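Residue numbers (our numbering), protein chains in the order written: chain A, 238 to 565; chain B, 33 to 288.
If you're looking for bench data, these hints aren't it; they were derived computationally from the structure. In this text the structure is predicted, and so the values were computed from the model without any measurement. Errors might be hidden in some of the hints.
[Said to hold, decoys possible] If you anchor each label on the Cβ, the simulated ranges turn out as follows: (1) B:LEU139 / A:LEU290: 37 to 45 Å; (2) B:LEU138 / A:TRP424: 29 to 37 Å; (3) A:LEU249 / B:LEU138: 26 to 34 Å.
Here a beta-carbon is modelled for each residue, glycine too, at the ideal position from N, C-alpha and C.
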Amino acid sequence: MKNSLLFVILLLLLGLSMVVALSVGQYPIESSMWIAFLQGEASDVMHTIVVELRLPRILAALLVGAALAISGSAFQSMFVNPLVSPSLLGVLAGASFGAALGIVWEQSWWGVQFLTFVFGALAVLVAMGIASMYRGGSTVLLLVLGGIVSSALFTSLLSIVKYAADPYTHLPSIVYWLMGSFSMVEWDTLGMVALPMALGMVTLVVLGSYINVLSMGDEEAKALGVNVTRVRIIAIGAATLISSLTVVVAGVIGWVGLVIPHIARMIVGPNNRVLLPMSALMGGLYLLWIDTATRTLFRAEVPIGILTALVGIPVFVLLLREGKKGWN
Amino acid sequence: MLKAHTIGYAYAHKRVLDGVDVDLHAGEVVSLLGPNGTGKSTLLKILMGLLAPQEGHVTFEGDAIASMSPKLRARHIAYVPQLHTGVFGYSVIDVVLMGRIAQQGLLGRSSSQDLEMAHSALAKLDITHLSHRPYTALSGGERQMVLIARALAQGAKVVIMDEPVAGLDYGNQLRLLERIGQLAQEGYTFLQSTHYPEHAMMVSTRVIMLKEGKIYANGTPQEVITAQSIKALYGVDVVMHRYSDTLQLPIPRGFA
Numbered sequence: 238m239k240n241s242l243l244f245v246i247l248l249l250l251l252g253l254s255m256v257v258a259l260s261v262g263q264y265p266i267e268s269s270m271w272i273a274f275l276q277g278e279a280s281d282v283m284h285t286i287v288v289e290l291r292l293p294r295i296l297a298a299l300l301v302g303a304a305l306a307i308s309g310s311a312f313q314s315m316f317v318n319p320l321v322s323p324s325l326l327g328v329l330a331g332a333s334f335g336a337a338l339g340i341v342w343e344q345s346w347w348g349v350q351f352l353t354f355v356f357g358a359l360a361v362l363v364a365m366g367i368a369s370m371y372r373g374g375s376t377v378l379l380l381v382l383g384g385i386v387s388s389a390l391f392t393s394l395l396s397i398v399k400y401a402a403d404p405y406t407h408l409p410s411i412v413y414w415l416m417g418s419f420s421m422v423e424w425d426t427l428g429m430v431a432l433p434m435a436l437g438m439v440t441l442v443v444l445g446s447y448i449n450v451l452s453m454g455d456e457e458a459k460a461l462g463v464n465v466t467r468v469r470i471i472a473i474g475a476a477t478l479i480s481s482l483t484v485v486v487a488g489v490i491g492w493v494g495l496v497i498p499h500i501a502r503m504i505v506g507p508n509n510r511v512l513l514p515m516s517a518l519m520g521g522l523y524l525l526w527i528d529t530a531t532r533t534l535f536r537a538e539v540p541i542g543i544l545t546a547l548v549g550i551p552v553f554v555l556l557l558r559e560g561k562k563g564w565n
Numbered sequence: 033m034l035k036a037h038t039i040g041y042a043y044a045h046k047r048v049l050d051g052v053d054v055d056l057h058a059g060e061v062v063s064l065l066g067p068n069g070t071g072k073s074t075l076l077k078i079l080m081g082l083l084a085p086q087e088g089h090v091t092f093e094g095d096a097i098a099s100m101s102p103k104l105r106a107r108h109i110a111y112v113p114q115l116h117t118g119v120f121g122y123s124v125i126d127v128v129l130m131g132r133i134a135q136q137g138l139l140g141r142s143s144s145q146d147l148e149m150a151h152s153a154l155a156k157l158d159i160t161h162l163s164h165r166p167y168t169a170l171s172g173g174e175r176q177m178v179l180i181a182r183a184l185a186q187g188a189k190v191v192i193m194d195e196p197v198a199g200l201d202y203g204n205q206l207r208l209l210e211r212i213g214q215l216a217q218e219g220y221t222f223l224q225s226t227h228y229p230e231h232a233m234m235v236s237t238r239v240i241m242l243k244e245g246k247i248y249a250n251g252t253p254q255e256v257i258t259a260q261s262i263k264a265l266y267g268v269d270v271v272m273h274r275y276s277d278t279l280q281l282p283i284p285r286g287f288a
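With the hints as constraints, model all of the structure from the sequences given.
Structure (structure tokens):
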């Protein structure tokens, strides 16, 4: 009951935030203009700004924030460790390498996005492949080690690409991409990623009870009748899909997948059936606010990855100090 | 009910189980005694179907557990692990409800019947008042009671426990053993590994002793727990003190 009330409040806040985000910016929209817009009498400029520029960007921020937060929460539960983030298995490192490769090869925008996704997924496969080479022992630990190796591998490959990139054209694009931004979002991109991202998130929410059981450790989960390997592969697959698509949409955005799950867990507790949808909602809201700040706070737009880190780090430190409610 | 036939298992050249037969009957409390590293935990894992034996096989009421789905197996056999703190502070009722996951559909939604089973399991162990406390904030004794409640909610008749009293204080150890005895009266079957011959003597109807991967002794606690068998298992000299026909406790020779 208490939780459903919270959901309703956050949804209302979300609606309100969207209206504010649509209105603010270099071309502010006042209430009289909104009235005209609703009556179908808006100027072409306003129409372009609201419908073609701000709306897809806002929806992308919501989607990416939700995806990063929900996969962070799912990863923390699955790996029985509240300090891991979606990048644990190397998905962000792989996706970054893919994007850099696409930029250097002068691929079309679609080509860059395709390579981003493929290498994000490939990095996770490498991590899981390394983990599966060794039988016995703790599967969770092996996956974490596989993720470290895979992340390191793709980070060094990224360095090679950066080193070889043309310093006047390609390198700045790569660096900019790695800091994250929603300024390139268009309806086309959004239309392509929205469905798979939504499906991935729904999959994780549906698996909530199973992820709860996985967080008690593999042996207990097996004894409770859960097919641990199957659930883990599906959940990792869904989380990998949505986190690599966040890189496709907006580059690399850190800290959301670590900080938001903590805040959500402090508020609603660790039960993933509630925690996962709550993380998605709070993650979307948070990234919408941050993205709105990146394009309004300063004269020039700040890459969003910088702001999420600058805001996320102190918040995280405070959270740790405030006590570790919901985990031990 | 649960039967293991000539089980053999080896970890990378170290043989831990060799031709082990175990047969559990309904309502029994069986204690598994043996020194460290003698394969007790491995045997329990094999009996639960968590580990496939390299030789032999395990059956539940005649059906091989290796060919059962994990869900079906979980409806027959439950597991109470060694005391652990857990990482996430699920409420006690959520932890007990995890026992129902094998009975739930793909969506893992708890039905009213699931909730009822969870509540009655909590009531059976007299821990209803803990329902909404975070699991991680409980004392060790309370946590073990919650895990036993989860095993009952699972609907399994056989409960396998790996050193359930390890890490508990003296009072909680005895309260847990007492509770196991009561549940056995109601028809539940328990198999526990333990390092305490005294506990095996007090609570079990049968004792199995493992030594170097083989069954050293198998019988009533009064027959099996003797000064010779304790010397053979643990290499210590004890004197058996007889209090009644059913209760004889070992006291180390130096203190006797």
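### Message
Run through the hints listed earlier and report the numbers of any the structure violates, in increasing order.
### Response
none
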